[in-house]
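The opening residue of the sequence shown carries number 2 in this note's numbering; numbering runs sequentially from there.
Bear in mind the hints are in silico, worked out from the structure with no lab data behind them. Treat the hints with care, since some could be wrong.
Listed next, with one range per pair, are the computed distances between beta-carbon atoms [claimed, not checked]: (1) Gly64 x Glu136: 11 to 21 Å; (2) Glu136 x Tyr173: 47 to 57 Å; (3) Ser49 x Arg193: 47 to 57 Å.
Heads up, the beta-carbon is just placed ideally off N, CA and C, and yes, glycines get one too.
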Amino acid sequence: MHESLKATAASPALERAYTFLRNEILSGRYPAGMRIKQEEIARTLGLSRIPVRDAIQRLLAEGFVTLQPDRGVVVTRLTAEDISELFEIRAALEALAVQLSAPRVEETFLADGEEILNRMDRARGDISLWIKRHEEFHEHLAAPSNRPRLVAQARHYRQMVEPYVRFYATTYHDPEMEGAEHRRLLETMKMRNPELAREAMTAHVMTAAQRVIDYIARANLPGGPGR
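Please build the complete structure, drawing on both the sequences and the hints.
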């Protein structure tokens, strides 16, 4: 069978390999700098090498892994400057999303947002669950913007820095960073003022960025997780 046809037929396998690898990277179980070995992943998942190879290609395109001439494919190791840039891009995207969302805020949006915040509070002892709820909250704030491409790009940049946020939160045993509390965002959205929403989100994301970057510098971890 022609390889392209095999790849099409194996798309569920590709998705399985991609989801597995991406989750391992975002969780920090595959730390920065770790080599990704196609054969081992294929054996672990009980798959052929083709869907694993294709999954790795997707992760390369998304920036989660990097090809190094001397080592092959490794989990991307970001410097403090890289992390700062990713947070800056995230801040710009999420600020635009809430700027567009703010005039469209309804009471049901506020009530649902409050419920997500309550679930975040209850999850503060479980970093992985809190990060899941955190993702739900940011998606919720952006949803009224009715800009699916913008929302998808913001999600991507949140996920790019997720291992570093997780690293920080695990060290300090509390993912809710002082000065970047999420309730402030919902309170601002209640005002339905686009500019205030934009400013609040920018401040929120960049405060979190500074906390993470300062921690990496203090811990002498230029590459972040895995060092």
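Here is what the structure says about each hint:
1. Distance hint check for Gly64 and Glu136: the Cβ-Cβ separation is about 18 Å, which falls inside the suggested range of 11 to 21 Å.
2. About 20 Å separates the C-beta atoms of Glu136 and Tyr173, a value inconsistent with the hinted range of 47 to 57 Å.
3. Here the CB-CB span from Ser49 to Arg193 is close to 53 Å, well matched to the stated 47 to 57 Å.
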